[in-house]
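Residue numbers (the working numbering), protein chains in the order written: chain A, 4 to 149; chain B, 646 to 963.
Since the hints were derived computationally from the structure, they do not count as laboratory data.
Check the hints yourself; a few may be wrong.
[What the hints assert, rightly or not] Quick list of the computed label-pair ranges, beta carbon to beta carbon:
1) A:Gly130 to B:Ala723: 49 to 55 Å
2) A:Ala19 to B:Asp921: 36 to 42 Å
3) A:Gly130 to B:Ala854: 52 to 58 Å
4) B:Glu962 to A:Glu115: 48 to 54 Å
5) A:Val25 to B:Glu763: 30 to 36 Å
6) B:Phe852 to A:Asp49: 22 to 28 Å
7) B:Glu911 to A:Arg108: 41 to 47 Å
8) B:Ser924 to A:Glu115: 16 to 22 Å
9) A:Lys59 to B:Glu803: 35 to 41 Å
10) B:Glu763 to A:Lys59: 28 to 34 Å
For every residue, glycine included, the Cβ atom is placed at its ideal position computed from N, Cα and C.
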Amino acid sequence: MLTRSQCYYEDVEVGAEIPRLVKVPTTIALVRYCAAANDFSPIHFDEPYARTRGMKSVIVQGFFKAACLGQLLTDWAGPKGWVKKIATKYQRINAPYDPMTCRGRVTRKYMEAEAHLVEVEMWLENGKGEVTTTGQATVLLPSREG
Amino acid sequence: MTAQVYFEDVAVGMQLCPLTKGPLTIKDLVKFAAATNDYSEIHYDESVVRERNLPAPVIHGPLKSAFLAQLLTGWAGAEGVLKKLTCHYRGMDVAGEILTCHAKVVATSIQAEEHLVECEVWTENSKGEATTRGTAVVALPSRAARRDPKEISLITGEMRRDLRLGMVAGRFEYEVDRKWIDRFAAAFEDPNPLWHDEEFARREGRFNALIAPPTFFAALDPVETKELLLDPWVETLPYKNTGGGNAFNEVEYYLPIRAGDRIGVEVTYTDIYERDGRSGRLLIRVRENVLRNQEGALVARARSGHIRSYDLTQPREA
Chain A
4 MLTRSQCYYE DVEVGAEIPR LVKVPTTIAL VRYCAAANDF SPIHFDEPYA
54 RTRGMKSVIV QGFFKAACLG QLLTDWAGPK GWVKKIATKY QRINAPYDPM
104 TCRGRVTRKY MEAEAHLVEV EMWLENGKGE VTTTGQATVL LPSREG
Chain B
646 MTAQVYFEDV AVGMQLCPLT KGPLTIKDLV KFAAATNDYS EIHYDESVVR
696 ERNLPAPVIH GPLKSAFLAQ LLTGWAGAEG VLKKLTCHYR GMDVAGEILT
746 CHAKVVATSI QAEEHLVECE VWTENSKGEA TTRGTAVVAL PSRAARRDPK
796 EISLITGEMR RDLRLGMVAG RFEYEVDRKW IDRFAAAFED PNPLWHDEEF
846 ARREGRFNAL IAPPTFFAAL DPVETKELLL DPWVETLPYK NTGGGNAFNE
896 VEYYLPIRAG DRIGVEVTYT DIYERDGRSG RLLIRVRENV LRNQEGALVA
946 RARSGHIRSY DLTQPREA
């Protein structure tokens with residue numbers, strides 16, 4: 004039976020980094036994302052067009068990077084966790100095939116209206132280790148006490 | 646004084662309004678001889694002219710160049726500069742002739758921040774012969790580069806009106822099915838069974854249902870999908886576009902998006918503003934999307950900022 008590990012509120016420590024997630028965006032993935040999101044801006048699949056816009060190659064969608072940061076959170080939070088809020092800012096572009104390392108750190112944990120909440124700051128590094136995207140999230144976690 | 650011509654007014658292939666000089670008299674030639682200290686007799690002395698079997702005193706080549714320069718500088722106006730003029734004298738013209746000066750734009754370019762127009766130039770005599778041919782380069786002022794960029798504002802009242810700032814600009818509806826969620830998560834290679842495996846999601850998930858990953862709201866955004874396009878003017882501003890894309894996205898969920906939901910999305914533009922950044926002037930539009938499900942329950946509020954950047958010192962590229 005398929006299972007996934009579950010993260011509990013009690014297990015979370017403020018200041019701790021959550022497990023990293025490395026994603027390598029292929030040009031196929033970018034096109035599949037265009038199709039799945041119905042956003043066909045040519046900068047994401049048309050290389051000659053991208054060059055006319057001064058780029059060396061097509062570029063990764065901001066929302067694609069946000070989706071990877073979302074996966075960072077949901078992989079960590081487990082099936083009973085829920086991403087309540089996610090906010091992302093795109094400072095620099097990412098190119099296909101350049102590995103993107105998604106990282107996050109817990110900045111706060113608190114209870115509100117009986118919900119167990121954790122705040123996470125996130126960032127995405129390109130292959131050179133430069134931060135290209137940053138974000139914040141609020142994740143609802145289950146408690147061991149039920 | 647005629648109105649100033651700008652780089653943006655020029656198109657390759659256009660011809661300048663011709664300039665006609667003459668009939669040219671011996672007096673005109675003597676004056677030019679004096680001005681240039683060129684006292685060669687063939688330009689005024691009838692006896693030398695006869696001796697050499699010429700029909701009449703010969704018009705100086707450099708005088709024909711000067712006429713072509715007059716055509717170009719007259720056209721370029723007070724702010725234009727004739728950067729280069731090369732002439733070849735291919736046929737002789739003599740006193741009494743009427744010369745028409747022509748120029749045709751063959752190329753335009755921006756080099757080292759100069760807006761350059763290259764012309765083919767020629768003089769034509771009364772027989773229709775092109776007796777002088779040459780090329781010229783003229784630097785013209787640019788409308789885009791003319792003003793101090795700090796004084797330029799990109800935002801107009803029309804833009805604010807088009808965006809219907811503060812009012813619901815559009816309502817759209819999306820049927821979210823299992824296959825769409827599956828396809829969306831597969832696009833960024835997220836194998837989490839919460840998005841792909843209904844049986845797992847029912848058994849293990851917080852919501853006992855197949856749900857969408859956190860950024861699925863991006864697929865339900867009529868601005869991203871261009872179903873709602875209220876800012877077509879970002880394409881036609883008179884400055885060089887240096888980039889564009891999402892600046893930020895934020896979402897807060899009150900309910901998950903589940904497979905089978907029919908999600909209604911209301912878009913409201915809340916702000917348009919500009920600031921200077923790394924790639925020039927940034928024009929930013931901010932919108933809020935409110936997502937409700939088929940029962941009318943609030944699912945999420947999303948906020949997104951879209952940037953388009955411009956180099957205010959360069960004109961828009963064709």
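For each hint, the structure was consulted:
1. Between Gly130 (chain A) and Ala723 (chain B) the beta carbon distance is about 53 Å. The supplied range of 49 to 55 Å therefore holds.
2. About 39 Å separates the C-beta atoms of Ala19 (chain A) and Asp921 (chain B), a value consistent with the hinted range of 36 to 42 Å.
3. Between Gly130 (chain A) and Ala854 (chain B) the beta carbon distance is about 38 Å. The supplied range of 52 to 58 Å is therefore violated.
4. For Glu962 (chain B) paired with Glu115 (chain A), a C-beta distance near 52 Å keeps the hint of 48 to 54 Å intact.
5. Between Val25 (chain A) and Glu763 (chain B) the C-beta distance comes to about 52 Å, which lies outside the given range of 30 to 36 Å.
6. One distance hint, 22 to 28 Å for the beta-carbon pair Phe852 (chain B) and Asp49 (chain A), is violated here, with the actual separation near 39 Å.
7. The hint said 41 to 47 Å for the Cβ distance between Glu911 (chain B) and Arg108 (chain A), and at roughly 35 Å that hint is violated.
8. At about 40 Å, the beta-carbon gap between Ser924 (chain B) and Glu115 (chain A) misses the expected band of 16 to 22 Å.
9. A hinted range of 35 to 41 Å for the beta carbons of Lys59 (chain A) and Glu803 (chain B) is consistent with their spacing of about 36 Å.
10. Between Glu763 (chain B) and Lys59 (chain A) the Cβ separation comes to about 30 Å, which falls inside the hinted range of 28 to 34 Å.
This entry does not satisfy hints 3, 5, 6, 7, 8, going by the numbered hints stated previously.
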